[in-house]
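Given next are the chains, with one letter for each unit.
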Amino acid sequence: MSALVRLEAVSKSYATPAGTVTAVQDLSLEVAQGEILGVIGYSGAGKSTLVRLVNALEKPTSGRVFVGDDELTALPEKRLREVRREIGMIFQQFNLFRSRTVAGNVAFPLKLAGVKQPERDARVARLLDFVGLLEKAHAYPEQLSGGQKQRVGIARALATDPKLLLADEATSALDPETTADVLALLKRVNRELGVTIIVITHEMEAIRAIADRVAVMDSGRIVESGPVYDVFAHPSTTAAARFVATVLHDRPSADTLTRLRAAHPGRLVTFAVPEQKGFTGQLSRAFADHGVENEIVFGGIGELQERSIGALTYELTGADAAIDAALDALRARGVDLVEEVELEEQTA
Amino acid sequence: MNDFIGSIDVYLSAIWQTLFMALASLVVSGILGLAIGVLLYATRPGHLLENRVAYTVINVVVNIIRPIPFVIFLIAIEPLTIRVIGTYIGVYAATFAIAIGASFAVARIVEQNLVGVDPGVIEAARAMGAGPLRIIATVLIPEGLGPLTLGYTFLFVGLIDMSAQAGVIGGGGLGEYAITWGSQRYNWTIVYIAVATIIVIVQLGQFVGNRLARRALRR
Ligand SMILES: Nc1ncnc2c1ncn2[C@@H]1O[C@H](COP(=O)(O)OP(=O)(O)OP(=O)(O)O)[C@@H](O)[C@H]1O
Ligand SMILES: [Mg+2]
Numbered sequence: 001m002s003a004l005v006r007l008e009a010v011s012k013s014y015a016t017p018a019g020t021v022t023a024v025q026d027l028s029l030e031v032a033q034g035e036i037l038g039v040i041g042y043s044g045a046g047k048s049t050l051v052r053l054v055n056a057l058e059k060p061t062s063g064r065v066f067v068g069d070d071e072l073t074a075l076p077e078k079r080l081r082e083v084r085r086e087i088g089m090i091f092q093q094f095n096l097f098r099s100r101t102v103a104g105n106v107a108f109p110l111k112l113a114g115v116k117q118p119e120r121d122a123r124v125a126r127l128l129d130f131v132g133l134l135e136k137a138h139a140y141p142e143q144l145s146g147g148q149k150q151r152v153g154i155a156r157a158l159a160t161d162p163k164l165l166l167a168d169e170a171t172s173a174l175d176p177e178t179t180a181d182v183l184a185l186l187k188r189v190n191r192e193l194g195v196t197i198i199v200i201t202h203e204m205e206a207i208r209a210i211a212d213r214v215a216v217m218d219s220g221r222i223v224e225s226g227p228v229y230d231v232f233a234h235p236s237t238t239a240a241a242r243f244v245a246t247v248l249h250d251r252p253s254a255d256t257l258t259r260l261r262a263a264h265p266g267r268l269v270t271f272a273v274p275e276q277k278g279f280t281g282q283l284s285r286a287f288a289d290h291g292v293e294n295e296i297v298f299g300g301i302g303e304l305q306e307r308s309i310g311a312l313t314y315e316l317t318g319a320d321a322a323i324d325a326a327l328d329a330l331r332a333r334g335v336d337l338v339e340e341v342e343l344e345e346q347t348a
Numbered sequence: 001m002n003d004f005i006g007s008i009d010v011y012l013s014a015i016w017q018t019l020f021m022a023l024a025s026l027v028v029s030g031i032l033g034l035a036i037g038v039l040l041y042a043t044r045p046g047h048l049l050e051n052r053v054a055y056t057v058i059n060v061v062v063n064i065i066r067p068i069p070f071v072i073f074l075i076a077i078e079p080l081t082i083r084v085i086g087t088y089i090g091v092y093a094a095t096f097a098i099a100i101g102a103s104f105a106v107a108r109i110v111e112q113n114l115v116g117v118d119p120g121v122i123e124a125a126r127a128m129g130a131g132p133l134r135i136i137a138t139v140l141i142p143e144g145l146g147p148l149t150l151g152y153t154f155l156f157v158g159l160i161d162m163s164a165q166a167g168v169i170g171g172g173g174l175g176e177y178a179i180t181w182g183s184q185r186y187n188w189t190i191v192y193i194a195v196a197t198i199i200v201i202v203q204l205g206q207f208v209g210n211r212l213a214r215r216a217l218r219r
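Residue numbers (the numbering used here), protein chains in the order written: chain A, 1 to 348; chain B, 1 to 219.
With the rest of the complex left out, here is chain B (with noise of 0.2 Å):
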């Protein structure tokens, strides 16, 4: 417990970082994820931007990336990292490669989601001359924001899994709290902290993740 009160400065600026990664990387992944999400969903044969090429070629490289384990993405993405943030280690560096990584499994998130948007919506705005951008950002997005949003409630939580994990290259946060002053001393107590601060963080995302979907949803 001592070492915890002498790490409470530590702790108190993991906590920050894993909160940044996780916000950052949810803000960035969202809207990358999002983007290529729509292009996903559109390009599909019989939708709003048909496209067989551009639909195969995005659909091949989510389906390539995304279950590649995050920890070895995390290695694997460095070049890019260090082109982009200058280094590879940090919370920035951190930020990054999680906010890429995550950004494949988004993109399939928000497809599948709007997959369930009926297409009844989407015909009787084409019946009214909309053209296809406006009817994705007026029609299409608003349509489902109930279930997108569940969908990023979702995302969150596996941000906060992929920041602790992205502690073992050094990105910083609780993870790496966790280990360097827990388990690596025999700290018990610092790894149950950084544990439960973790159960808090995640448990404040869903709740407010599900009264935004609740509203969007109106019920």
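Only chain A is shown next, with the shape it has when bound in the complex (with noise of 0.2 Å):
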């Protein structure tokens, strides 16, 4: 698979009345052809200054994009134009022109492309059919509901046949159950059509549910990236544990971490479940062998893109250095674990 968009070393800064803001700072990232990037961070991460350079909205400060055969860093803004023809965006707040129906709002790309009657009619219902809302053609934007204008955005965003599409935080602004159903749709959209999505979001669940990959960012830089399984399973940097500590709630969070204290005097070793089985059997012999009492106290075990996913918490009772040889056994044997003695004399 070939990069369709390619930053390489980019920066963004801003001069404000305050100070320059560095909005993205020294970002390289490339994202391939057919692949869902779904990119995450706290408000002020830089998020959507990140996607606003993919489609030439910003100009970096310094650094290179790339987007397909273009390099927008060195276009003049009448190509960028074209380029940001055949880049599809999707926004928070849905951004629906008011003063047209369902079917104008569609029919603006397809006419800012030259795309002339009949040919843009028949495109138009064949889009709002895509998205099931061909019966809603001739209503305005405010009739409808929000999950509804997200999907006249997503029908508007693919009227010209872009390759790319850009979502930023297409979805924050729906209920729970209106979300899943705008991220199914999304995922039909790259699954049927083919179309590369960059998702920004700030919501872990989004990412568990549609990408293939994910970059972490955090005051402007990229900290973390890989496949989704991946740093869902191995999150090593503190901002990618604490996102997926939003969605996968097997470790225990420090609150949690004091009480269990209080009431185990034993010691506390959380271990990442593999996907292999007779994990839990290994450590029970593990434990046997070196005679080390242990119990459950807390964890998890759930599914994320079909493959097991989770962590337990034991407590674990005996001489101390039965116990640091069991763990150096098992650690031997590659058993991924964190005693949270430590990290709590880490993070402290």
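Calculated from the structure, these hints are not laboratory results. Watch out, some of these pointers could steer you wrong.
Short derived list, chain A residues pointing at chain B, Cβ under 7 Å [to be verified]:
1) N55
2) K59
3) R85
4) N95
5) F97
6) P109
7) R191
8) H249
Just a sample of chain A residues kept apart from chain B, beta carbon distances all over 10 Å, derived [to be verified]:
9) Q25
10) A32
11) G34
12) P76
13) E82
14) S99
15) V273
16) L330
C-beta atoms are modelled at their ideal positions from N, C-alpha and C, and glycine is treated no differently.
Using the hints, put the two chains back together into the complex; each one sits in its own frame.
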């Protein structure tokens, strides 16, 4: 797979009365043809700036941006408009034209592209059918629910058959059920039409639902990225771990840990559950071999992209040397474990 | 009352003159003001045609001219009126002066209404690859049409007011009729008839404007 979008050491800063704000800092990124990339980060992390760099609504302060064969950073404004016609975008607040009907909204990019009647009407009907809103063609945006508005937004963004779709917090204004519907539609857009999608969000649930790969942004940088399963199973930065914890409640939070400690005098160890079968049996045997008492005190196992994912927290009691030996043996066998005492000391 | 019946021709042509002054200047200042207002909006920092120098210049000009009392503006603009219309009295001269004077007020009305247009839809149009002029014509103005229509209705009332003031310089219309046939001859019947007629015209204008605005806003 070749890269459809490539950012090379891109930085973007804004001059404000309060001084220079760096929204994106020395960021490099590749998005492969046909994938769904999720970009997650807290408010102000620079996510919106990142997508606006990809469709050249913003010019980087330094670095280069490529989409397909075009180097956006080398093109004049007039050519950039043509490039933008080939990139769809949907928004948190939908941004539909209130002065136009649903059909009029979807027809707008087609008019820009010079598509004539009756071809235009036919395309509009096909797109509205795809998003399931054909019967609303003559309604105005204010007559639609939030989910329907975003469907219109998606139909409008797809009007010119773009290769790339940018979704900036596209589900953040929707309730959970509608969010799931819209995400499912985006997944269909990706699978059936082969459109590459960049999904910007601050909700890990959205990433979990549709993304193939995830990039975690913090203070204008991508601090961690990789296949969704890997980042969920083994987040290596605190930022990523915090986001994972919002959807997987299998690791104890700091508060939970304090409560667990009060109730359980032994040592607390959290194990990441791998995909292979027989994991708990493997643990039991190692504890038994070293004469260590054990009890599961927290945890859960779920599913992500049809693979098991989860963590279990054990209370271990016995001689310190015996527990250390058991843990060392497990580590030697490649078991991913964290002793909560260590973690506490590290973060304190 | 006899005086009124004797001057009924003058009265009827005064109504026509008032309507002409208000409507013709509505069209001219409407278009001119729309152009200046759109420029003010678009050249603002962070907007479609961002241009600090152009914005500052236009803004200062509007700020200087707009607050000038209209009676004084009428006199101040006389040299220009003579050049363009050929005379500084009469309905055409008055219409010219009203149209120019009102343009600056219209510019502010337009600018303020456009600022209220959701920046998100402008952003969406930009993301679709639309150029600035296209966005102004096919997104910005249609999106702002409801409030703009209300602004223009408000303007129409102001134009009737200005046309009456133009009566002072022999501009014709109901204002001049009320002065020369009414108050100067101590004929209060005629004054009140002129006042009542103006009230009716204003109400009609309000009614039509509100209807149009409601249609644009679909309420
Ligand atoms: N036009 C601008 N002028 C000045 N500062 C800006 C501008 N755009 C963004 N910023 C700043 O850049 C930083 C990143 O903004 P950005 O909108 O990309 O964040 P975000 O991750 O999308 O946040 P959110 O989740 O709130 O949408 C913020 O500190 C913001 O204040
Ligand atoms: Mg944002």
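query: Taking the least C-beta to C-beta distance, is R85(A) closer than 7 Å to chain B?
result: holds (4 Å)
Minimum Cβ distance from L330(A) to chain B greater than 10 Å, as the annotation requires: holds (52 Å)
- prompt: Is the hint on N95(A) kept, meaning its closest Cβ partner in chain B is under 7 Å away?
  reply: holds (4 Å)
task: Measuring Cβ to Cβ, find out whether S99(A) lies farther than 10 Å from everything in chain B.
output: At roughly 4 Å from the nearest Cβ of chain B, S99(A) sits no farther out than 10 Å, so the non-interface label is violated.
message: Over 10 Å from every CB of chain B: does A32(A) meet that, or does the non-interface label fail?
response: Consistent with the label, A32(A) stays out of reach of chain B, its closest Cβ about 22 Å off (over 10 Å).
task: Just double-check G34(A) for me: nearest Cβ-Cβ distance to chain B has to come out over 10 Å.
output: Holds, because the least Cβ-Cβ distance between G34(A) and chain B comes to about 22 Å, which exceeds 10 Å.
query: Does K59(A) pass the interface check with chain B, least Cβ-Cβ distance below 7 Å?
result: Violated - the Cβ of K59(A) stays beyond 7 Å from chain B, reaching only about 13 Å at its closest.
task: With chain B as the partner, please determine if N55(A) meets the hint condition of a C-beta pair closer than 7 Å.
output: holds (6 Å)
- request: Evaluate the condition: distance from the CB of P76(A) to the nearest CB of chain B exceeds 10 Å.
  value: Holds, since 12 Å exceeds 10 Å.
query: Against chain B, with CB atoms and a cut of 7 Å, does the hint on H249(A) hold up?
result: violated (35 Å)
- request: Find the nearest Cβ of chain B to the Cβ of E82(A) and say whether that gap is larger than 10 Å.
  value: At roughly 6 Å from the nearest Cβ of chain B, E82(A) sits no farther out than 10 Å, so the non-interface label is violated.
message: A cut-off of 10 Å on Cβ-Cβ distance, and V273(A) was said to be off the interface with chain B. Does that hold?
response: holds (43 Å)
Comparing the model with each earlier hint shows violations of hints 2, 7, 8, 13, 14; every other hint is respected.
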